[in-house]
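> Start from chain A and add chain B according to the hints.
There are 2 protein chains.
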Amino acid sequence: MKAQKIKLAVDAVVFGYEKERLYILLIQQKFGPLKNQWALPGGFVKNGEGLQQAVERELREETGMTLDYLEQLATFGDDIERDPRAQVVTVAYYGLVNSSRFVLHAGSDAEKTQWFPIHDAPKLAFDHAQILETALERLKGKLRYQAVGFDLLDKEFPFSDLEQLYMTILERKIDRRNFRKKMLSLGFIEETTKQAAKTNGRPGKLFRFNQKKYKKLRKQGFHFELKFA
Amino acid sequence: MKAQKIKLAVDAVVFGYEKERLYILLIQQKFGPLKNQWALPGGFVKNGEGLQQAVERELREETGMTLDYLEQLATFGDDIERDPRAQVVTVAYYGLVNSSRFVLHAGSDAEKTQWFPIHDAPKLAFDHAQILETALERLKGKLRYQAVGFDLLDKEFPFSDLEQLYMTILERKIDRRNFRKKMLSLGFIEETTKQAAKTNGRPGKLFRFNQKKYKKLRKQGFHFELKFA
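First to last, the protein sequences are chains A and B. Heads up: the first sequence begins at -4 in the numbering used here, then just goes up one per residue. Heads up: the second sequence begins at -4 in the numbering used here, then just goes up one per residue.
Derived from the structure by calculation, the hints contain no laboratory data. Check the hints yourself; a few may be wrong.
What the hints assert, rightly or not - PhoX-like cross-link-like pairs, simulated, lysine-lysine; straight-line CA separation at most 25 Å: (1) K222/B - K214/A; (2) K135/A - K150/B; (3) K2/B - K25/B; (4) K168/B - K208/B; (5) K30/B - K(-3)/A; (6) K(-3)/B - K41/B; (7) K208/A - K150/B; (8) K222/B - K176/A; (9) K208/A - K177/A; (10) K211/B - K0/A; (11) K211/B - K222/B; (12) K150/B - K210/B; (13) K222/B - K207/A; (14) K137/B - K177/B; (15) K41/A - K(-3)/B; (16) K118/B - K135/B; (17) K222/A - K176/B; (18) K0/B - K2/A; (19) K137/B - K211/A; (20) K135/A - K107/A; (21) K210/A - K41/B; (22) K222/A - K214/B; (23) K(-3)/B - K(-3)/A; (24) K177/B - K135/A.
Claimed, not checked - Across the chosen pairs, the derived CB separations fall in these ranges: (25) R80/B - G27/A: 41 to 51 Å; (26) R80/A - D74/B: 22 to 32 Å; (27) G27/A - K150/B: 45 to 55 Å; (28) K207/A - K168/B: 24 to 34 Å; (29) N93/B - H218/A: 21 to 31 Å; (30) H218/A - E15/B: 35 to 45 Å; (31) K14/A - E166/B: 15 to 25 Å; (32) E166/B - P117/A: 19 to 29 Å; (33) K168/B - K107/A: 50 to 60 Å; (34) D104/A - D74/B: 24 to 34 Å.
We treat Cβ as the ideally placed atom computed from N, Cα and C, and that holds for glycine.
Here chain A stands alone, though its shape is the one from the complex:
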C-alpha cells in the first residue's frame, strides 16, 4: 500500500445556552489559507493521542475552555477537498454548556474566540457550516428521547425554565400543558416544596432533576419519546 497521506483532525461544536438563547463557540483562524475566517475549534490529532483527548486539548488550547464531556457527532471525510491544505478527515464532537459559566480566551492558533447566537454567526470556513447543522439536528433529536440540558438550569428551577430551554433548542413553541404532563410522568423530575418567584403573575413550585433516578431508569432499558406536534 502507498503511504497514506490523509490527515486526521477533530472539531468541537460547543453550544452555549444563556438567557433563552442558543450560541455557538467559534474561533477566528490566525494562520493558514483561511486566515481570519471563523471556524469551529479543532485541529490535528497528535501521535499517541486518543480522539476524545485530542478534541478536549484543541478546545482548551484554542478557547481556554475545559469540558468534561463531548459526545462524538460524526466523521466528515466524503468530500476529499473539504480542507484546501490536504485531504483531512475530521471527527466532530458536540456538547452543550451554560455559556455564562465560561470565560473565553483565544489560544495560540486562534486570533479570537467568541460566542455567536446560533442564527447570527459569521460564514464558517471549511465544511463547518454543515458540521454545525448536523450537530444542531442531533441536539434537537436528542431532546426527544434523552434528558438533555438539566445542567444548564439552576439546581431547582421553575418549570417554565425547562420549557424555555426546550423551546430555544427546538426553535419552536411547544404545547406547555402536554409537555409538563409528559415530562412529569417520566419520573425523573421532582416537584420540591419550594415556591418559585412569581413570573407572569403565575406562581408555581420549583422542580428538581433526579439524575440518580434517571440513570437507574436508563439502565433498566427505560425509553421515552417527547412529541412536540
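Below, chain B alone, put in the same frame as chain A:
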C-alpha cells in the same frame, strides 16, 4: 507539528437477516499479526478516496458484496493500541441486508468470508467485538423511530413477518396487538386486498410499505416512537 503517523481505516458491520435470524458478516484475516482471526471487513482508506467510497470498496474487495448504502456508525480511536500494527483510527459503518440475496466470495486480503449467527460468532480481532456491539445497539435503537428493514421483507408481506423481523432484531418478544395497532396508525404501512397464505391457522391480509409516503412524512418532520415495554 510533527508528521502525523496515525492511520485511517474503515470497517463495515453488515447485518444479515434471513429466516428469522440475524447474522453478521465476517472475514478471516489472511495476513498480518492477526492472521486467521475473524474480523469485520475493512481496511485502510486510500489517498484521494472518500470514507463512504472506501468502506464500499473494502467490502467489495474482501467479501464480493456490493452495497448501495452503509450508514456511518461511529469512529473508534480513543484506544491508541486498538490495532497492534500502528495507531489506527477506524470509521465504522453498518448496514442491514437480506443475507440470502448475497453470494459471498473471499477477496485478496481475506482467507474466508462467512455469515455467522449474531450470538454464535467467533472471537473477533482488534476491538471489533465492541464495534459490533455498538452497531447492534444502534440498530435496535433505530427500530424504535425509523422504518427499518422493510427491504428485507417481501414487497407484500403478512403482518407476522414484520413482527418477526422486529422481534429478531430486538431479541425479545413484543406485544403483537399493540405493535400492529401502533404500526398501522403511523400511516406508511398499507393493507392490500390480498390474502396471505394461512399461517398458524390465522389467515390475514398482506401489507405493503409505502416508502413514498414515509419519505413525505419524514420531510414534514414526522416522528414516531415505538415502545416495546
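> Each hint needs a verdict: does it hold in this structure or not?
Here's how the hints hold up against the structure:
no. : hint                        : result
1   : K222/B - K214/A             : holds, 16 Å
2   : K135/A - K150/B             : violated, 34 Å
3   : K2/B - K25/B                : holds, 20 Å
4   : K168/B - K208/B             : violated, 28 Å
5   : K30/B - K(-3)/A             : holds, 21 Å
6   : K(-3)/B - K41/B             : holds, 22 Å
7   : K208/A - K150/B             : violated, 44 Å
8   : K222/B - K176/A             : holds, 19 Å
9   : K208/A - K177/A             : holds, 17 Å
10  : K211/B - K0/A               : violated, 42 Å
11  : K211/B - K222/B             : holds, 23 Å
12  : K150/B - K210/B             : holds, 17 Å
13  : K222/B - K207/A             : holds, 23 Å
14  : K137/B - K177/B             : holds, 16 Å
15  : K41/A - K(-3)/B             : holds, 8 Å
16  : K118/B - K135/B             : holds, 22 Å
17  : K222/A - K176/B             : holds, 19 Å
18  : K0/B - K2/A                 : holds, 9 Å
19  : K137/B - K211/A             : holds, 22 Å
20  : K135/A - K107/A             : violated, 28 Å
21  : K210/A - K41/B              : violated, 42 Å
22  : K222/A - K214/B             : holds, 16 Å
23  : K(-3)/B - K(-3)/A           : holds, 20 Å
24  : K177/B - K135/A             : holds, 24 Å
25  : R80/B - G27/A: 41 to 51 Å   : violated, 32 Å
26  : R80/A - D74/B: 22 to 32 Å   : holds, 28 Å
27  : G27/A - K150/B: 45 to 55 Å  : holds, 53 Å
28  : K207/A - K168/B: 24 to 34 Å : holds, 30 Å
29  : N93/B - H218/A: 21 to 31 Å  : holds, 28 Å
30  : H218/A - E15/B: 35 to 45 Å  : violated, 24 Å
31  : K14/A - E166/B: 15 to 25 Å  : violated, 46 Å
32  : E166/B - P117/A: 19 to 29 Å : violated, 48 Å
33  : K168/B - K107/A: 50 to 60 Å : holds, 57 Å
34  : D104/A - D74/B: 24 to 34 Å  : holds, 27 Å
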